[in-house]
Structure formats: structure tokens, C-alpha cells
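*Asks:* Given chain A's structure and the hints, the job is docking chain B onto it.
Here is how the chains run, residue by residue.
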Amino acid sequence: MPKFLIMVNHERGVIDKPMDEWEPDEVKAHMDYYGVLSRELIENGELVQSMSLADPRLARIVRSDGASAPVVTDGPFPESKEVLAGFEVIDVESEARAIEIAARVSAVPGPGGVPTQQPVEVRQVMSESGSDV
Amino acid sequence: MTDPGRHDAEGLLRSLAPQVLGVLVRRFGDFGACEDSLQEALLAASVHWGADGIPDNPRGWLLQTATRRYTDLVRSEQARRRREEQAAREPPPGAVPANDDTLVLLFLCCHPALTPASQVALTLRAVGGLSTAEIARAYLVPEATMAQRISRAKQRLQASGASFAMPARDSSEWPSRLRSVLHVLYLVFNEGYTATAGPRLHRVELSAEAIRLTRELHRTLPGEGEVSALLALMLLTDARRPARTGSDGELVPLAEQDRTRWDRRLIAEGTGLLDRTMGDGRPGEYRLQAAIAALHDRALRAEDTEWSQILALYDLLERLTGNPVVTLNKAVALAMTEGPAASLDLLATLDGEGRLADHHRLRAVRAHLLDMAGDAEAALAGYREAAALTTSLPERRYLLARAARCRAKTRP
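Line by line, the protein sequences are chains A and B. Sequential numbering from 1 applies to the first sequence in this note's numbering. Sequential numbering from 1001 applies to the second sequence in this note's numbering.
Fair warning: there could be bad hints in the mix.
[Unchecked claim] Only some residues are given here: those of chain B computed to face chain A with a beta carbon under 10 Å:
(1) Ala1117
(2) Ser1118
(3) Val1141
(4) Met1146
(5) Arg1149
(6) Ala1153
(7) Arg1244
(8) Leu1254
(9) Pro1394
(10) Glu1395
(11) Leu1399
In case anyone wonders, no lab produced these hints; they're calculated from the structure. The structure presented is a predicted model; accordingly, all values stated were derived computationally and were not measured. All C-beta atoms in this analysis are idealised placements derived from N, C-alpha and C, irrespective of residue type, glycine included.
So that you can see chain A by itself, here it is in the shape it has in the complex (with noise of 0.2 Å):
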């Protein structure tokens, strides 16, 4: 079965409100909406691999030549907005099972329960086998 990376960013989609100005309940009903998606993709055994990234004010950037001591920045991104906010990787049956998880994913309610069509972005996985050529 293909091996897909699907990845969040920190674009909201059609919500303009930071997350940390939703009401109590809004968040949770996000959160359980993510939940009972972990969940589903558990017990289907199609879940390989699920992380959400610290802020990206964390974030370090390394440059090195190998030899001289790296030179190491802090973020913040000039287009914060892209840089990756969490990443799960899935193993199914086809591209389109990956896009459906997908097209889940960016439906998650946002404030007054409004999908909030964030983009996800799907990449497939290269795989280590190869057909005889």
C-alpha cells in the first residue's frame, strides 16, 4: 500500500480569528473533531506516524560547513503562514483514501462550528521497491 504525508500549515483557511480567541467550547469541538479522526485511522490500521510541531518561535535554524562551529538562527519565518504546523503519515489502499483523510482534516470546525478549509497538502511517500525495469 502507498505511504502518504499529509501536512498542516498555519494558514487558517476562511477563519480569520487566532485560535486563542475561540471560545472554550469551539476549541474542544476542534480538538474532538481531530480525536475521533486519530481514532478512526488507528483502528483501521492505516495510521503510521501522527506529530504536531512546536510553534515555530521555536524553531532553529542550522547552517554548517562540516568544519567551523554551525551557525544557528531562531525563527521567526519570513511566511510564518507556511511553515509546516503537523504531519501525519498514513498507509492505504490508494491516492484517493489519502485524499479523503484529507479533504477531513481541512473540514475541522473553527469557531461557530464553520469548517474552517484549511489547505492540506498530500504528498505520497517514495517507496524503497522497485519493478524489474
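*Replies:* Chain B only, in chain A's frame:
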């Protein structure tokens, strides 16, 4: 695997596992609970037999231990409820001779209520006797993911009302049920065969496992032509494995393989099996594929390949399956008999083919034909495009190497 005693015990356990599971399911009916009990018994055996040696009656030992585990399991309230519901729903097992249990299990694990991936996982565990951890490593997923997939498959089987009985061989569902079984075995073989070395060093040998299970199936159903043909196809393909990758794990195309490294013993066995299916009537998919593999294997040098026969077989296979990937292979055979121009014309008919999911293959084959036709520049562009679109790392590496070769040709 350096300790021969350990190796024997493992092999013995793997072959006994489906037999004992068959007896348990026949006796108690609840496939899920029986399978869990057997896994525990196998674990106990791997510990005890390693320390104390293999018991005199290993099958009896396993059966007794698994039965004890099963009894423990059903003592719990939840399991008892499950068993009672099951007993109320399940018809009594059919009158199948006990020695066919492995076969019945195989058909059950490849039940159409399951997705192919679940069929594969359940077959490897229940019939192949592999542990969940081994299957998970083989498919490069965490053990918990594979455990969940297996448990979900067992639940789905239960819910579908699938009973521990074989479809009758003269029934209308027999051909499709057998096809599912063969497809699962083929998928397992292919997963193992196409794996390249390196990161998969510690995987169980899936192609060897598929061959073992297909041999068993062939032994039980010697008259089924497609079973013999699938076994032949596996042997004839596996025979080339020592030559299909180079020293760095890179893919070596058929035309450039060192044919002295092909396994002649496997080729002889595969060819013999295939010969015995001749006269079985209209050839199926596996018989045609095996015949093509046999023709390649018979050629001691690439230039001795009987391409016109291969072309005729691809023609039949194309008509039988309507699969555009077969058409791509046919195009290669056509190029060898009539030259690249005729073949490029055939490929042009595939351009609008919506079903050809592996678009990179079309581009790779076209690049190969353009290269044959002497158009290194167009071939270079084609190989680069194909390399960008493939989702296989070894294939990308191969295509980039081909592209580099074409680039060298364009700079005199």
C-alpha cells in the same frame, strides 16, 4: 538463523500453525479468539522448544497449549458474550475433511469482505504463522498499526458472517474466490521480490513465504491450472533475483543481467510445472505471464530471446486483462521484433489512457524506444520526466542513470 536447531523449530511451527488453527476454529468456531490463542501458544513454543527441545508430538503440544489459552480467554465475561453471540449466529461447520484445514483457512483469510491489504496481513499471520511484528517490519509500518489492521480484519470477517467452510469447487463463486487467493499470494510474492536490499535487510523473506504457501496450495489443488501457473510464475521470476540488482542494490535491466547467475534449478522446476498445464484449455492470466517469464529464462543470451513468441503472448494477455501496463510491455516486445517506430505508434494510442496510473512507466518506455531509435535528446527528456514522476526510489535511480547515459550520447 545460524543455529540449525532453532531454524528447524521455526519452520516446524510455521507449518503446524495453520493446521492447529484449523482444528481450533472447527472445534470452537470463533476465528478471532482461536487465532489469538494460537499466537500465544506459538510464543510459548518458541520459548520452551528453544530451551527444552522439540516435544515428541509437537502438533499435540501446540493444540493442547492453544486450547488451554482459549479456555482461559473465554472464561472472561466479555469473551463469553462474544462466543455466545457467535454460536447463535454461526451455522455448524461444513463437512470438510480435516486435512484440508489449511486450505479452508487460506480461503477464509482471502475472503472478499476484506480489502487486499487486510487479506494479505491476515493470511501471513493465520496461514503463514508469522508474528504481527514480522509482518509489520515486512510492510514498513509500526507493529501497532499492523496489529490493528489484523484485528480489524478479524472483526470484519466475523461481521460478514463468513463461515469456516470452503466454497464448493463447482459453485459459481469458486473461480472468483480462488482468484482472490491467488491474487493475495501474488501480492505477497511481489512485495518481497521488488524489495531492494538495504533498509529491508531484516525483513522476513516475503517471496519465499509466498512460494511456500503457493506450493501448499498446489499440493492441495494439483488440478487447478492457474495455481500451478502462479507457482511457475513465482519460481521463474525468483530465478532471476540474484541478477536483478547490482552490487549497490541498483536495478539491472533484463537485457543487461548476468544470466549465469540465474537459478537454473528454479527455472527447470517452473518450466516443468508450466509444461504440465499445457492442454488445460484457455490459458489464464498467470499461465500467460509464466509463459512469458519462461521464454525470457530460456534465453541464455539476451539476443537469443524469442521476442515474436513473447509478443504473441502479450497480445493474448492484453486481450484477457485490458490492462494498459500489459500494453506497455507489449510495446517493448514489438520494438524488438519490428523496431522502435512501430512501437512508438502503439504507445501513441496510450496517451489518452486515463487508467494508466503509472504515467512514469509510459514515459520510461517511450524514452527507451526513442533511445533505441537513436534520438538521445528526446530520450533524455523522457527519462528525466519519468524519473520525476515515479514513486519508487530504485526506479528513480535507474531512470536517472539512463538519463545520464543519454546525456553522454548528446555530447560528442
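*Asks:* The structure should be examined with respect to each hint, and the outcome stated for every one.
*Replies:* Evaluated hints:
For Ala1117 of chain B, the interface hint holds, since its Cβ comes within 10 Å of a Cβ in chain A; the closest pair sits about 5 Å apart. Evaluation of the Ser1118 of chain B hint against chain A yields a held restraint, the C-beta minimum of about 8 Å falling below 10 Å. The criterion of a C-beta within 10 Å of any C-beta in chain A is met by Val1141 of chain B, whose closest approach is roughly 5 Å, and the hint holds. Taken as an interface hint, Met1146 of chain B checks out: its beta carbon lies about 7 Å from the nearest beta carbon of chain A, inside 10 Å.
A cut of 10 Å between beta carbons decides the hint on Arg1149 of chain B: the least distance to chain A is about 3 Å, and the hint holds. The interface hint given for Ala1153 of chain B is met, as the beta carbon of that residue sits about 8 Å from the closest beta carbon of chain A, less than 10 Å. Using the Cβ-Cβ criterion of 10 Å, the hint placing Arg1244 of chain B at the interface with chain A is satisfied: the shortest such distance is roughly 7 Å. The interface hint given for Leu1254 of chain B holds, since its Cβ lies 7 Å from the closest Cβ of chain A, which is under the 10 Å cut-off.
The restraint placing Pro1394 of chain B at the interface with chain A holds, with a minimum CB-CB distance near 3 Å, inside the 10 Å limit. Interface hint status for Glu1395 of chain B: upheld, as the beta-carbon distance to the closest one in chain A is roughly 5 Å, under 10 Å. With a least beta-carbon distance of about 8 Å to chain A, the hint placing Leu1399 of chain B at the interface is held under the 10 Å criterion.
In summary, this structure violates none of the numbered hints.
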